[in-house]
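S.K.: Sequences are here, hints too, so could you generate the full structure?
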Amino acid sequence: MCLAIHQLQQFGSTDPFDSINITSDADQLSEEALEAIYLRLLTACDSGSWDTPSKMNKVCLVTTGATAAFPELVKAALRPDSLQAFADNGFTKLIFQCGATFTSFNEMMPIDLKGLNIEAFDFKAAGLNREMRECQAKDGVSKKGLLICHAGAGTILDGMRLGLSLIVVPNETLLDNHQRELAEELEGQGYATHSNTKGLSKAIEKACKKEDRAWVGQNASLAPIVDAVVGYEDDVRARLD
Amino acid sequence: MDISPISLVVAATLLVITTAFLRILYVLPFSSPGWNIKHARNELSHMVVVLGSGGHTAEMMSLLRNIDPRRYAHRTYIVSSGDSFSSGKAAEIERNVQSKHVQFFSEPTKAGITHPITGTWELMIVPRARKIHQPLYSTPLSSLWCLIGCLRALYTISRTSTVAPHEYPDVIITNGPATAVMVILAAVILKLFAMAPAHKMKVIYVESWARVKTLSLSGKILLWTGICDTFLVQWESLAKKINGTGSRRQVDWKGFLVE
Chain A
1 MCLAIHQLQQ FGSTDPFDSI NITSDADQLS EEALEAIYLR LLTACDSGSW
51 DTPSKMNKVC LVTTGATAAF PELVKAALRP DSLQAFADNG FTKLIFQCGA
101 TFTSFNEMMP IDLKGLNIEA FDFKAAGLNR EMRECQAKDG VSKKGLLICH
151 AGAGTILDGM RLGLSLIVVP NETLLDNHQR ELAEELEGQG YATHSNTKGL
201 SKAIEKACKK EDRAWVGQNA SLAPIVDAVV GYEDDVRARL D
Chain B
1 MDISPISLVV AATLLVITTA FLRILYVLPF SSPGWNIKHA RNELSHMVVV
51 LGSGGHTAEM MSLLRNIDPR RYAHRTYIVS SGDSFSSGKA AEIERNVQSK
101 HVQFFSEPTK AGITHPITGT WELMIVPRAR KIHQPLYSTP LSSLWCLIGC
151 LRALYTISRT STVAPHEYPD VIITNGPATA VMVILAAVIL KLFAMAPAHK
201 MKVIYVESWA RVKTLSLSGK ILLWTGICDT FLVQWESLAK KINGTGSRRQ
251 VDWKGFLVE
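Keeping their order, the protein sequence lines are chains A and B. Counting in the numbering used here, the first sequence runs from 1 upward without gaps. Counting in the numbering used here, the second sequence runs from 1 upward without gaps.
To be clear, the hints were calculated from the coordinates, so they are not data collected in a lab. Don't take every hint at face value.
For lysine-lysine, the following DSS-like pairs were computed, each having C-alpha atoms within a straight-line distance of at most 30 Å [what the hints assert, rightly or not]:
1) LYS213(B) to LYS202(A)
2) LYS254(B) to LYS210(A)
3) LYS241(B) to LYS209(A)
4) LYS254(B) to LYS198(A)
5) LYS110(B) to LYS124(A)
6) LYS206(A) to LYS213(B)
7) LYS100(B) to LYS138(A)
8) LYS254(B) to LYS124(A)
9) LYS124(A) to LYS89(B)
10) LYS144(A) to LYS198(A)
11) LYS213(B) to LYS210(A)
If you only want the chain A side, here are some residues facing chain B, beta carbon under 10 Å, derived [what the hints assert, rightly or not]:
12) LEU116
13) ALA151
14) ARG161
15) GLN179
16) GLU184
17) ASN219
18) SER221
19) ILE225
20) ALA228
21) VAL229
22) VAL230
23) GLU233
Please read all numbers here as calculations on a predicted model, not as lab measurements. A virtual CB, placed ideally from N, CA and C, is assigned to each residue, including glycine.
M.R.: Listed below in structure tokens is the structure:
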């Protein structure tokens, strides 16, 4: 019973059920309250919302990388149409790693946040591992979130390794265009969604609807190639047989 | 018959050029695929990994994830001076490599310490080929200094090899920092002058995963000189573009090698 009450506490605050004062000891609850809990449980189970409570976290991490500033990406993600796309797709929180752009972040903040929680910082010395994990799907806590990043290979690989939905926005102001080629190819092969800063809101819709191709476990290994080059032929043959 | 000094010089030069040419043909991988010597399953090997700058080093960590430290019992990581990031990463790569083969693993062994299962590893530091913002005119000099550093490094690790003392490493693996070109050049020079046998120091180059349609500068240099034994790219489109329709395969593609 206590567990059920705990589960129910996770439902939204708009729920009329919240008006009942919940205590941890079920014996102290009035009969009316117990009946209300029972009814609420029934409807929750029937509507299927028992497995996916409506107020689960859904986090999006926007990262510009450490090397070059990318204010256009931060601005694009804070545009009203992007925020609307986040809200429409059930996001609860946005985290911004904005590098040098952090100094002007407050000026970019829009007035209407569409109910989204926003967190921002410039760099994390320890890397973005913790933030990326916040975007992962966790039973009963969070739904699968989203990573919006510049086309840095390291960040993309980290995101794919954790199985996050991915939008890659190459920094067009940089001279080297091999990042755009990477983004295009990743989209072409179904690993990520390629976008520019203008089309970000559409890309958010798209990325939330489609299921990215799985990355982990599909890849070749360098070790047998090294073995073959060095001359451990027995092993290679044994593996082929 | 009189032999003029000029014709003598010309003859000597021709002889030297021919010899050098034949020697290059003999040593370099594209002409001598027969240099593969066989290793028995339980023989130990010495591996050299060239690390450099953030992205390359992070990718290398993933590339080496399945390397068996029981077989590659001596692992040398070469980094350029001042690259403390990569020096730190070498220990992290080792943690990754060793942890899969040691029961109740807690910490990787320190550099230079020999473990009964996972062997030993070490860090070699070579001078930088070009510092950031270094003027262009002094680059040849610093590159030469780096090359000498690489020659010395390879010589030192051959002497101290725990797998086979006084033998050069079996394989050099890299994915493209500028230092890597110098290390590979040093290895080829050692082979050309018969300091090292041609079957040692096989070169494996893995182009960065970020390169989809074009090679990096290091990749271009190494492909053009043809001094790599195995040249891998990670995108099929790039492999197709380089290999074209010709029968001679210049690069290999085996799928994504990072994870």
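S.K.: Now tell me if each hint is right for this structure.
M.R.: Hint check:
no., hint, in the structure
1, LYS213(B) to LYS202(A), "holds, 27 Å"
2, LYS254(B) to LYS210(A), "holds, 28 Å"
3, LYS241(B) to LYS209(A), "violated, 33 Å"
4, LYS254(B) to LYS198(A), "violated, 36 Å"
5, LYS110(B) to LYS124(A), "holds, 28 Å"
6, LYS206(A) to LYS213(B), "holds, 26 Å"
7, LYS100(B) to LYS138(A), "holds, 27 Å"
8, LYS254(B) to LYS124(A), "violated, 35 Å"
9, LYS124(A) to LYS89(B), "holds, 18 Å"
10, LYS144(A) to LYS198(A), "holds, 24 Å"
11, LYS213(B) to LYS210(A), "holds, 26 Å"
12, LEU116, "violated, 31 Å"
13, ALA151, "holds, 8 Å"
14, ARG161, "holds, 7 Å"
15, GLN179, "holds, 7 Å"
16, GLU184, "holds, 8 Å"
17, ASN219, "holds, 4 Å"
18, SER221, "holds, 5 Å"
19, ILE225, "holds, 7 Å"
20, ALA228, "holds, 8 Å"
21, VAL229, "holds, 5 Å"
22, VAL230, "holds, 5 Å"
23, GLU233, "holds, 6 Å"
When each numbered hint is compared with the structure, violations occur for hints 3, 4, 8, 12.
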